[in-house]
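Using the hints, position chain B against chain A.
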Amino acid sequence: MTKGYLLALLLAGATVALVVAGFVWPVPSAAAYAGGGPLMRSSATPEAAVQTLGEEIRAQAWTKAYDNLANKAQFTQTEFVHDITGYYPSLLTYATVEKFEVLPLHASESESEIRLQLYWATVVGVSISTRDLRVVKNGDRWEAEWPIAKQVVVPPQVIPVNYLRWDVIYRGPGDDWGAQDVEAPHVRIVDMHPVERAEGVVLLGELLNEDVVPAFVSVSATLLSKDQTPIATEGSFDKISHLLLPKQVTPFLIRFPDVALSSVGSVRMMPTSELVSASADPVIEIENAHLNPAPDASLTGQVTNQSGQVVSFAQVLGTFYDKSGQVVWIANEYIDSALLPQTPVPFEIHIPEDLARKVSSQRAVVATISSGGSQ
Amino acid sequence: MNCGLALLLGGFALAAQLAAAQGVTMAMPEKIEAGASFSLQTTGGGKATLYIVGPPQVLKREIQLGATTFFAEGTLPNAGHYAVFLATESSTQSASLDIVPESKPATLDFLAKPSRIQVNLHDGITGAIYVFDVFHNLITFPLPVSFELSSPSGAMQKRNAVIREGASWTAMDSTAQQGMDRFVVRMAAISTVRVVAQVPGDPCRLQMSARLASGQLHLATEPVRDCSGNAVPDGTVVTFTETYQGGQSTVDVPLKQGIAEVQMPAQSGAMISVASGLVLGNQIRWEK
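Chains as they are written, first to last, in the numbering used here: chain A, 1 to 375; chain B, 1 to 288.
Only chain B is shown next, with the shape it has when bound in the complex:
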């Protein structure tokens, strides 16, 4: 397939020099925007076949020499370097045509990572943007862009950048307060929004208390918070371990309404500890 195309293009190139000598010429713009209308002016008489060959597209059209041929909007929507050949029965004329992306951005592909991040992380949130025109051609010339990250507390981080070769990126800090951040990228009148969840970090101070209830030991933590004061989310597992003479009882309890509580056997002399993940809390020795 590629070999055939190369032979075809080679044949056109050889014939092009013959065509110039026989008075057939063509005139067309060297560069147009993707999808724009354009026209081809030819000289001479009779019929000819026009080929426009580019990486993503090949166009073939029968035209009348000596007349102007119009191409409607959207005929060539894909950006790239195209070769143009005008073939008559006895000769071939060639030219080149560059289809460039539209200057007006149409879509912003915004990759924001991660979708969920712990609070207070430096440069933890990254955003990369790719700018495309309406035909989804990557716009490669420089364009100004701004990134904005607003947290629930109202704090906003803003970075201005320039799109180079179709892309730009930035990094932002997660703030101390948990909640849903709005990560917005703006370019002219276009904007794209992503949501980044700022979640609490590890429990900072894990404190439990014990009391006797119905013959059993009722253990309950204080409201569990991270080091920034955010409530650790419900469902986070807290492990209670009771060690007594020759035995041990363990239970993994998820936080419910901010605290973890459980009933365990009341063993005199038992040592009770509490932990969540790798964070250890206080210890209690229970004596009857």
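Next up, chain A with everything else stripped away, as it sits in the complex:
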């Protein structure tokens, strides 16, 4: 009885001692995640200084990150934060840094160049932003210079917009079944073919809105075996521009993981369209689009918002054709910053290495979402 009482007292005492120890001398990682400080407070080497900066950015410890910069006199903390997360609502506004990588590029005794890659966890997947930092030695410690991209300021002005806008009045809930309703937009698949990839079958195609009204579109497909039994049904999800203005064409891509093309007898396509309210604005221009050959094959270019409104989210969809004009691949990239009026923003869409040699031409379209609706 006495032994048990003694053991209980001993355990209670040890627990209290450990709690106090953890509070007074916290584990660095726990302190960092609690916002109490970076994981590594070292700036003994250029890598360590950038590593520290990365941890502070991940923990959103903006003040600490800003204070440790060598060139903080060139900009304010607010500008520094906005440079990372965006000045206007964008993909990164609602994202957090999941991880980061520090890659030394060049080093000397007094300065070094290091690449910091931030992996943002966004609603549409991982978005990578890359910054090449100059790291300088200041006394016995290294400090990173943040390569701030000064926000291009568009002069205050009034941009008259008189593009068409479509509004829809549907049949009311009290109307009889025979009452007339508005017709769904007529859309047509103008190209479709399956290709076999390592991960399974991929359907590539293009969809045309052949109507005179805007359409919210999506495409799903069912693979049928040779005896016409369904194998799988999938949709294009975000590999499509969902809003099509009259006579606009969007590519679409549908993945069927773990399905062999040899087992497919036929494909049943199911395009759907819905009449929605929409605006013909904004107009987005794709400039200087270049097909870059392998290795690291890609389509690069710039998108420019020609309208006067800020576009919060933009996705560039690239369709790649072979010499005969057949679609060989479709890929996309989300722009992680808002599209400001008249301000070019670069994009880069990667092309699989094995397909890059077949690509002869391309066509890119931009799907955008402004605050308050999609375009």
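Hints may be right or wrong, so weigh each one.
To be verified - Cut-off 20 Å, straight-line C-alpha distance, at most; resulting in silico cross-link-like pairs (SDA-like, lysine to any residue):
| # | chain 1 | residue 1 | chain 2 | residue 2 |
| --- | --- | --- | --- | --- |
| 1 | B | Lys256 | A | Asp167 |
| 2 | B | Lys113 | A | Gln306 |
| 3 | B | Lys113 | A | Thr272 |
| 4 | B | Lys256 | B | Glu287 |
Simulated from the structure, these hints should not be mistaken for lab results.
Leaving out everything else, chain B in the frame of chain A:
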């Protein structure tokens, strides 16, 4: 529920033969229009219970035998075949009653498709009509009906048809001129109107021109029209593509006031093309 009703009806049928032998009879019309008033004449004396059983409705009423029982307008509004049973304490009498739709149409349910159609399509506009009386019974006997489609140009297509088994349909052509068509169905003094929008077809001839303006290339189409001469509606997307040494610029521009225009980089030797949907326009080679 159905089993109980079957037993009830079976019981009534068996008792009906007994009733005839005991001097209780009833007389009523075999067929009346939906909602019409009618009367039931019975013989004998005492109280009885009258059941009128039909697919959409069951009526139960206590009546005095030997008197005439009146049923007001609207008592039986639903068309169909009804069974009538007159039950006394000792017997049951049966008869049948057909409620037919009113001969006068009251409502025309007109399904006109589509609400929007390209110009110049043969049999592209269809109209189906269902005729109902005031109680919304489908009128199944033949009735004449006419369909009229009038276009903004004043042209009218007219079809005369006969309603059979409550329905009739027709198909009409869309005309060459865009605008709002009135699609009317008429039957006696009743008519129902639907509106069908005739919209332009694909651009027929897409022509653009280029000029230098403020160091940039200003591209503009001529007014875009379909092959019938209708102006393609504003908002229709026209794609300009400029291909130059190692690069390409593309912009989707909606038509505004009939034309599409855009500023693009002025690249010497650039090839510029224009398209809308699957229709290709002219090409321009730009040289400084």
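Task: Hint check against the structure, violated hint numbers in rising order - done: Of the numbered hints, 2, 4 do not hold.
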